Amino acid sequence: MAATKEVRVNDRIRIPQVRVIGPDGEQVGILGIREALAFAQERQLDLVEVSPTARPPVCRVMDFGKFKYEQNKKLQRARKKQHVTHLKEVKLRPKIEEHDYRFKINNGRRFLELHDKVKFTVTFRGREMAHPEAGFRLLEKVVKDLEEIGQVENPARMEGRSIVLLMVPRTVPGKPAEKKPAQPAEKKAAQPAVAGKSSEKKPTQTAAAAKPDAPRS
Numbered sequence: 001m002a003a004t005k006e007v008r009v010n011d012r013i014r015i016p017q018v019r020v021i022g023p024d025g026e027q028v029g030i031l032g033i034r035e036a037l038a039f040a041q042e043r044q045l046d047l048v049e050v051s052p053t054a055r056p057p058v059c060r061v062m063d064f065g066k067f068k069y070e071q072n073k074k075l076q077r078a079r080k081k082q083h084v085t086h087l088k089e090v091k092l093r094p095k096i097e098e099h100d101y102r103f104k105i106n107n108g109r110r111f112l113e114l115h116d117k118v119k120f121t122v123t124f125r126g127r128e129m130a131h132p133e134a135g136f137r138l139l140e141k142v143v144k145d146l147e148e149i150g151q152v153e154n155p156a157r158m159e160g161r162s163i164v165l166l167m168v169p170r171t172v173p174g175k176p177a178e179k180k181p182a183q184p185a186e187k188k189a190a191q192p193a194v195a196g197k198s199s200e201k202k203p204t205q206t207a208a209a210a211k212p213d214a215p216r217s
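Residue numbers for the sequence shown follow the numbering used here, beginning at 1 and rising by one.
Don't read these hints as lab results, they were simulated from the structure. Here the structure is a predicted model, which means the values were calculated and not measured. Just so you know, even glycine gets a beta-carbon here, dropped at the ideal spot from N, CA and C. Errors might be hidden in some of the hints.
Heads up, simulated DSSO-like pairs for lysine-lysine below, C-alpha to C-alpha not over 27 Å straight-line [claimed, not checked]: (1) K119 to K95; (2) K119 to K81; (3) K141 to K104; (4) K66 to K80; (5) K66 to K95; (6) K88 to K66; (7) K119 to K80; (8) K95 to K117; (9) K104 to K144; (10) K117 to K81; (11) K91 to K117.
Ranges between beta-carbon positions, derived for each pair [what the hints assert, rightly or not]: (12) E113 to P52: 41 to 51 Å; (13) H86 to P52: 39 to 49 Å; (14) K66 to D100: 52 to 62 Å; (15) H86 to E133: 24 to 34 Å; (16) R77 to I30: 32 to 42 Å; (17) E133 to E70: 55 to 65 Å; (18) E6 to Y101: 51 to 61 Å; (19) R157 to Q76: 36 to 46 Å; (20) E113 to R14: 50 to 60 Å; (21) E148 to G25: 47 to 57 Å.
Kindly produce the complete structure, drawing on both the sequences and the hints.
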């Protein structure tokens with residue numbers, strides 16, 4: 001049937017003859033429009049055009065108000081099922097306090113329960129960049145704490161002065177992901193590369209610090 005706003009009802013039907021279907025789905029037959037309207041009115045119901053392109057058009061005798069109500073309920077249920085996924089972000093610090101961490105994790109859990117994607121970002125400041133492994137360990141803890149409701153879509157990786165991890169809701173809550181065992185390997189492989197850069201800088205800093213100490217001795 002067409003949308004209710006386009007449906008012609010009772011006096012709005014201006015066709016000389018219509019094929020009438022009774023309130024219980026029975027075939028009444030082809031009737032003149034006045035006779036069809038009288039048939040519906042005798043039963044305190046409406047004559048509703050359900051197939052305007054047929055020849056003659058098909059009309060059904062029903063309670064149109066009740067029909068519209070049921071259609072609206074179906075539409076509302078369909079809209080509830082159509083969830084638009086949003087990308088939420090949870091920002092963390094590499095030296096986050098436990099109570100702050102729990103607050104952030106609960107936010108991430110709530111987003112995943114709403115079927116949204118969640119980007120966890122660990123941002124470094126100043127000398128914290130010398131220890132990126134702390135950020136990777138923190139994100140490993142995040143994945144473990146949320147593994148029952150979420151799974152990793154993009155493993156942790158460096159982006160400028162931050163490490164970013166993307167998690168998505170599980171399709172089957174509580175069921176371990178098949179790809180889960182491979183994720184720690186990807187993270188561990190990424191850490192030495194970053195840690196290697198920081199280890200190259202450390203000798204330079206030590207050497208620089210050693211130069212002014214020599215004259216003092």
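**Message:** For K104 and K144, compute the direct alpha-carbon distance and say whether it is at most 27 Å.
**Reply:** Given pair K104, K144 holds - Cα atoms ~14 Å apart, limit 27 Å.
**Prompt:** Should the hint that K66 and D100 are 52 to 62 Å apart at their CB atoms be regarded as holding?
**Reply:** At 54 Å between Cβs, range holds.
**Asked** Do the alpha carbons of K66 and K80 lie within 27 Å of each other, as the hint requires?
**Response** The given pair, whose Cα atoms are some 21 Å apart, holds under the 27 Å limit.
**Message:** Is 39 to 49 Å respected by the C-beta to C-beta distance linking H86 and P52?
**Reply:** For H86 and P52 the Cβ distance comes to about 41 Å; the hint holds.
**Prompt:** Between H86 and E133, is the Cβ distance one that fits in 24 to 34 Å?
**Reply:** holds (31 Å)
**Request:** Quickly compare the C-alpha distance for K95 and K117 to 27 Å and report which way the hint goes.
**Result:** holds (24 Å)
**Prompt:** Within 50 to 60 Å or not, the Cβ separation of E113 and R14?
**Reply:** holds (53 Å)
**Request:** Could you grab the alpha-carbon distance between K88 and K66 and see if it respects the 27 Å cut-off?
**Result:** violated (41 Å)
**Prompt:** That 51 to 61 Å hint for E6 and Y101 (C-beta), does it hold up?
**Reply:** With a Cβ separation near 55 Å, E6 and Y101 satisfy 51 to 61 Å, so the hint holds.
**Prompt:** Within 27 Å, alpha carbon to alpha carbon, are K119 and K95?
**Reply:** Holds - the C-alpha atoms of K95 and K119 are around 19 Å apart, at most 27 Å.
**Request:** For the pair supplied as a hint, K117 and K81, confirm whether the alpha-carbon distance does not exceed 27 Å.
**Result:** holds (17 Å)
**Pair hint K119 and K80, alpha-carbon separation not exceeding 27 Å** = holds (25 Å)
Comparing the model with each earlier hint shows violations of hints 5, 6; every other hint is respected.
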